Amino acid sequence: MDDRQLQRYSRHLLLPEVGPEGQERLLAARVLLVGAGGLGSPAALYLAASGVGELRIADPDRVELENLQRQIAHGTADLGRSKARSAAESARALNPEVQVQALAERAEGARLAAWAAEVDLVLDASDNFPTRYALNEACLAAGRPLVSGAVAGWRGQVAVFTPGRGGCYRCLYPQEEAAEEATCAAQGVLSPAAGTVGCLMAVEALKVLLGLETALRGKLLQADLLAQRWRVARIRQDPACPCAGRWRAREDSNL
Amino acid sequence: MNIKVRYFASMRDRMGRAEETVTVDREGITVEELWRRVAGGQEMPPNLLIAVNMEYTDASRQLKSGDEVAFFPPVTGG
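Those protein sequence lines, which keep their order, are chains A and B. Every number in my numbering is 369 more than the matching position in the first sequence, counting from 1. Every number in my numbering is 9 more than the matching position in the second sequence, counting from 1.
In short, the hints are calculated from the structure, not lab data. Treat the numbers as computed from the prediction; the structure is a model and nothing was measured. Where is the CB? At the ideal position from N, CA and C, for every residue including glycine. Watch out, some of these pointers could steer you wrong.
The following label-pair restraints were derived from C-beta to C-beta distances [what the hints assert, rightly or not]: (1) Ala584/A to Glu28/B: 47 to 53 angstroms; (2) Val601/A to Asp67/B: 17 to 23 angstroms; (3) Gly37/B to Arg450/A: 55 to 61 angstroms.
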């Protein structure tokens with residue numbers, strides 16, 4: 370790190386869990402963030418400010434007026450622009466040292482498999498079941514840790530799925546054909562509820578990148594922000610899930 | 010035996026109550042059987058998250074007296 374980096378990251382360097390070594394790890398880390406909406410906005414901004422080396426932000430959608438209530442990586446001037454590009458620009462403005470790449474495409478198929486293979490960690494800040502299952506599959510195949518978040522109403526949840534350790538997203542939600550789901554479009558969402566969950570995702574991503582233990586590994590945190598009730602419960606590895614035995618620990622990484 | 014049942018988010022609205030204690034006459038009733046009983050025979054919604062004593066589990070889990078069963082609807086918003 371040069372002098373400016375030592376200054377920029379000085380408050381991280383003071384933390385015993387980060388320090389110069391941890392900050393170097395973050396500066397060398399590559400992260401894929403899928404979704405630049407209510408969860409992805411704060412996650413992108415905090416990961417960039419934290420000095421994650423490479424941040425790839427994927428979102429096929431464009432900024433719409435109803436997004437601005439909570440999707441804080443976009444401003445009013447960004448209406449109609451690609452969310453991936455708008456969020457990438459905000460992240461770069463916060464920290465020009467971060468290599469930010471905008472991927473204005475849907476995360477699916479061979480493209481997603483390639484994206485996942487090129488990074489150290491994936492964050493699922495998407496807003497629908499098909500993308501969530503696709504990300505789970507891509508991370509299983511590539512052996513990448515997956516930080517998963519979701520929000521609706523006043524409630525949010527976060528889980529960390531790690532290669533070879535515990536259940537996967539499909540163990541949690543085995544019925545891929547499920548019709549009934551709580552989305553922000555259907556039931557609304559409190560603006561900072563999305564922010565809270567997105568920030569929790571950034572916290573968990575940094576812990577994984579730093580090699581720190583997380584209490585959420587293989588567990589699901591559910592937060593009811595109206596009642597301020599937070600619950601953490603273990604995710605059972607479903608023996609019938611195709612993931613069983615499929616986690617392939619990445620040999621060139623100790624994440 | 011008594012089982013404490015808790016409903017969260019839209020499950021609470023659907024059931025019209027946040028929690029209840031259900032008395033059943035035998036050990037070993039499954040979560041699915043319990044659901045049918047509290048939901049008037051309706052099928053379980055897909056991807057309903059079930060936690061028994063703060064651990065997520067599936068609907069075939071057998072229950073014993075004093076267990077706490079919680080039902081959460083799936084959340085996918087982002």
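Now for the hints, and whether the structure bears them out:
Separated by about 26 angstroms at the C-beta atoms, Ala584/A and Glu28/B break the suggested range of 47 to 53 angstroms. Val601/A and Asp67/B have their C-beta atoms about 19 angstroms apart, which keeps the hinted 17 to 23 angstroms range intact. A hinted range of 55 to 61 angstroms holds for the C-beta pair Gly37/B and Arg450/A, which are about 58 angstroms apart.
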